[in-house]
Amino acid sequence: MGQTLAEKIFSRHCGKTVHAGDFILADLDLVMAHDTTCAWALEPFYQIATKVFDPKKIFIPFDHAFPSPNVAMSKLQAEIRKFAEEQGIPISFEGVCHQVMSERLINPGDLVLGADSHSPTGGGVGALTIGVGSTDAAIAMATGKAWFRVPETIRIDITGQLPRGSYSKDVVLAVAREMGADGANYRVIEYGGETVEQFNVPARLTLTNMSAEMGAKAAIVAPDQQTSAYLQENDRLIAFDALRSDADARFERVLRFDVSNLKPMIACPPDIDNDVPVEEVQAEKVVVDQVFIGSCTNCRIDDLEVVYRMWKGRRLKEGLRVIVTPASRKVYLQALQRGYVEEFMKMGAVVSSPGCGPCLGRAGGVLYDNEVCVSTSNRNFEGRMGSPKARIFLASPATAAASALTGYITDPRPFVN
Amino acid sequence: MNWKFGDNINTDLITPGRYNITTDPRELAKACFIEYRPEFSKQVKAGDFVIAGENFGCGSSRETAPVSLKHSNIRAVIAKSYARIFFRNAINLGLLCMIADTDGIDESDELELDVAAQVLRNRTKGIEISIKIPSMMLRLYQEGGIIPYLKKHGLSALTDLEKF
Chain W
0 MGQTLAEKIF SRHCGKTVHA GDFILADLDL VMAHDTTCAW ALEPFYQIAT KVFDPKKIFI
60 PFDHAFPSPN VAMSKLQAEI RKFAEEQGIP ISFEGVCHQV MSERLINPGD LVLGADSHSP
120 TGGGVGALTI GVGSTDAAIA MATGKAWFRV PETIRIDITG QLPRGSYSKD VVLAVAREMG
180 ADGANYRVIE YGGETVEQFN VPARLTLTNM SAEMGAKAAI VAPDQQTSAY LQENDRLIAF
240 DALRSDADAR FERVLRFDVS NLKPMIACPP DIDNDVPVEE VQAEKVVVDQ VFIGSCTNCR
300 IDDLEVVYRM WKGRRLKEGL RVIVTPASRK VYLQALQRGY VEEFMKMGAV VSSPGCGPCL
360 GRAGGVLYDN EVCVSTSNRN FEGRMGSPKA RIFLASPATA AASALTGYIT DPRPFVN
Chain E
0 MNWKFGDNIN TDLITPGRYN ITTDPRELAK ACFIEYRPEF SKQVKAGDFV IAGENFGCGS
60 SRETAPVSLK HSNIRAVIAK SYARIFFRNA INLGLLCMIA DTDGIDESDE LELDVAAQVL
120 RNRTKGIEIS IKIPSMMLRL YQEGGIIPYL KKHGLSALTD LEKF
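Top to bottom, those sequences are chains W and E. In case it helps, numbering that gives the first Met the number 0 puts the first sequence at residues 0 to 416. In case it helps, numbering that gives the first Met the number 0 puts the second sequence at residues 0 to 163.
Think of the hints as simulated: they come from the structure by calculation, not from any bench. Certain hints may be false.
[Claimed, not checked] Here are a few chain W residues that sit away from chain E, every Cβ distance over 12 Å (derived from the structure):
#1 N233
#2 G318
#3 V349
#4 P413
[Said to hold, decoys possible] To be clear about the criterion: a stretch of chain W counts as covered by chain E if any three or more of its residues have a C-beta under 8 Å from a C-beta of chain E, and this derived list gives those stretches:
#5 70-80
#6 112-124
#7 172-186
Glycine included, every Cβ here is placed at the ideal spot set by N, Cα and C.
Chain E extracted, bound-state conformation (with noise of 0.2 Å):
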């Protein structure tokens, strides 16, 4: 299923302050959206969707709040816009982030993603939406991440990302 939301979604609603006390990212997604929306992390599926509004992941630089959605194993998120750093730690996090409009998306719609030809293709309602993600995400996505692609490449592929 997906996981609907709206605008200035912020970090301290996906992972409030006070949960961050752990370097676990199991517990982590225990956390996510624990008082926004409870049932979220104990009924989360692994390949659903969280979509969303404008400025998604605002306010605190937490990186708890893209771990945690990446060990609830989601598929991806979709919004139709992010705040920068919690973009930028998705990125580096290999955290899917696409952007689309997402007025169209109800909670009970299927959906299969394309990420080769960058497209959503929702099955309920028989449309197809094309989604844009960043040519580094992507890249940083299938390196499993920037720590993973730095590990692989050593340190001195950093100039690479230019590149990407």
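Isolated chain W, as found in the complex (with noise of 0.2 Å):
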């Protein structure tokens, strides 16, 4: 029987041929616990351990809420420093855990276990990347290993070339509108398809990240040249090889979307896949009182050019509170070079340090009552930035760049060049 290409991954950690079902305890080539789940690995891991399996293989940014914005978190983040000085564990202070992992330590093939949810990310770069909680990532930090039942893969198959003012972000609110919020839960879903492979990277790393709201356990597009041109552009030049899925690997299921007529989408909320396209909502003339373009979902530089383009020549509605956090100092220096931070600012935009920002609603652009966010990441859940009252609408960059300029929310198409 064939293997799909997350079985032949988990095989390849744990030394024999696996299937969906096993019961493996797999070898771990990263381990990433950030500066909240990290607070809580700690314990249980001098429960069991003193040293860690190898602090080259562990990875501790600080993101959630860095620079810290209480003495509470001032503390956690004083308790990680300290293991980390112990073992020899430089901290990260460079981003979002899930954009620097994929710039510079996700490789194609591994198998990455990282304590927080949206580590299904790392899979736009062709390896297996599993989110835990912190006991888990302890375990690891000790070990190198960690247990998995081997699972189903979903094959999410697109075509068609996507009309202007639609992206990837579009593609996978729509997929999570058919799916469902848990419609993946325990699957990889692995994307492919001719507008898969069209997609660089970046835009690959969308879908990937918003699969974690369908429940997958991860997410991953076969590594190819979009993904060999990815590492160079990251100076890093790896060879790797090109693992898919064989011809006769059997999938749980296999979905076909066919992006060519694919407007704008937005995701209502309470939930993820509430989606609808923008248009409709934009009937409904919702005003709005904070934008965030931002989160390891959309604000890479690609985004950034996105809004650039947009924005350049217009103003941004008077009075409206627009955030932007790059998800990345690779990704703010590009913006710096390119200019686009100059302009945002001279706009009246907020450009924040990289990070998570107000996405988890720690710090940055809490939400009041009632108050209305647009915003490019990936939770539009009850209390997620701020106030339980407070609405959050998830869409692409172009959609959040839109509605910055306007005041409520607004299709890009009429804006997009």
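Assembling the complex is the task here: the two chains are given apart, and the hints tell you how they should meet.
Structure follows, in structure tokens:
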């Protein structure tokens, strides 16, 4: 019987040929825990170990609440810093964990464990990257291993040329509408088809990232020339095996989406699978209080380029709070070099330091009762960005940019040249 | 009593992000459902059940959510299904999460759990519901969670998990 791409990667990390349903203890290439999940990993870690299995294979970024917004968070970060110093692990302040790992740490074919639910993001580089909690991260830091039940794979084929104004975020919102918030629970989503083959890695990272919102254990795109180009752009000249699912691999389901006529989509609160075309919400004239362009879903340089092109020569709606948070230091520096940061700030937007920003309601743009936010992030849950009475709409950077110009939820197509 | 919730109860509802600023489980128990069901942490009693629909614990991987439930001293969570990271965290922590059809359970029903027989008796309604507890969860629950298990048996005992 043939193997799926995920089964092949699991097999390479446990020394035997495995298929969906097998229970394995696998060797990990990289373990990540960040400024909130790592804090909870320390006590269980010291219960079972004194030294990490390999400090070079552990990544600790401060991104969820960095720079620290309060004393309680500073205390947690001090505890993590002490642990990291003892173990010889440098702490990263370079931006959102998934973005930084994709840029410089995750290789095609890797098996990566991350103490963060959006860990499937890294699958855009052609690796298996799996989210867990802090106790699993503690065991992984001690042993370099984790237990898994090898998951079934759902194959999603995307075909058709995306129309102007629609992007990979719109594609994945359309997929989420079909799949539902638990449609991929315990499964790997493997994205393919001609549209995905044409997407560069940054666009693919948006697909894999949002797969967490459908419950996926991991999401992956088979590594190819696009992956090679991405690694080169990030100064990583590495050779990798062009792994892919066998022709006779068993998929649990195969779904096909033709995106030739896909309109810009928006996820209305409070569920990620509550997706409709933006034009339907635009008809309701929903007034926006805050626009957030950021997060591990959508704040790479390609996203900021879309925003820049749409905003050039126009004005932001007066009084609207517009927050742009580049996903990483690298993206921030690229945006500076291209003049985007200067332009955004002259227009009145706030460009904040790389990190998770206001996505999780900790700092830097916390919402008050009844406020409306259009966000390029991944969760529109009640209370996610602050008050449980605030409303969060999730959309592409283009829809967020269009809404920042008009002050209400707006279809981006008339503004995209 | 039972605390009944619907489908897709996410971990932001269980422990909202801005309350995850402590590693003290008792403090987190105070934050459990703090905005979604503010009376929960004040009125929950040892032995109460949390009842839910599909996809309980979806969203963030934050272990604060199952920790806050465990330290609320509830007897167990009973839901139709669970999101995978939450379920995995519950296995590791020794928080009993059972799978059953919860539609017929009301908050005032008196429930009696028989873990060995995998049966939930609804004394109020005079019915029995079969429940499913995966063997690995049951075993690690009996060990007090994966960390006490590894402390007792050594790190090499990780390889024994597949036999559970």
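Against the structure, the hints:
1. Distance to chain E confirms W:N233 as a non-interface residue, since its nearest Cβ pair spans about 26 Å, more than 12 Å.
2. Every CB of chain E is more than 12 Å from the CB of W:G318 (nearest about 26 Å), matching its label as outside the interface.
3. Residue-level check passed: W:V349 sits 20 Å from the nearest beta carbon of chain E, beyond 12 Å.
4. Its beta-carbon lying about 34 Å from the closest one in chain E, W:P413 satisfies the requirement of being farther than 12 Å from that chain.
5. A stretch counts as covered by a chain when three or more of its residues have a beta carbon under 8 Å from one of that chain; for the segment 70-80 of chain W and chain E the count is 4, and the coverage holds.
6. Here the segment 112-124 of chain W counts 4 residues with a CB under 8 Å from a CB of chain E, which clears the bar of 3, and the coverage holds.
7. Closer than 8 Å: that is the beta-carbon criterion, and the segment 172-186 of chain W has 4 residues meeting it against chain E, so the requirement of 3 holds.
Comparing the model with each numbered hint stated earlier shows that all of them hold.
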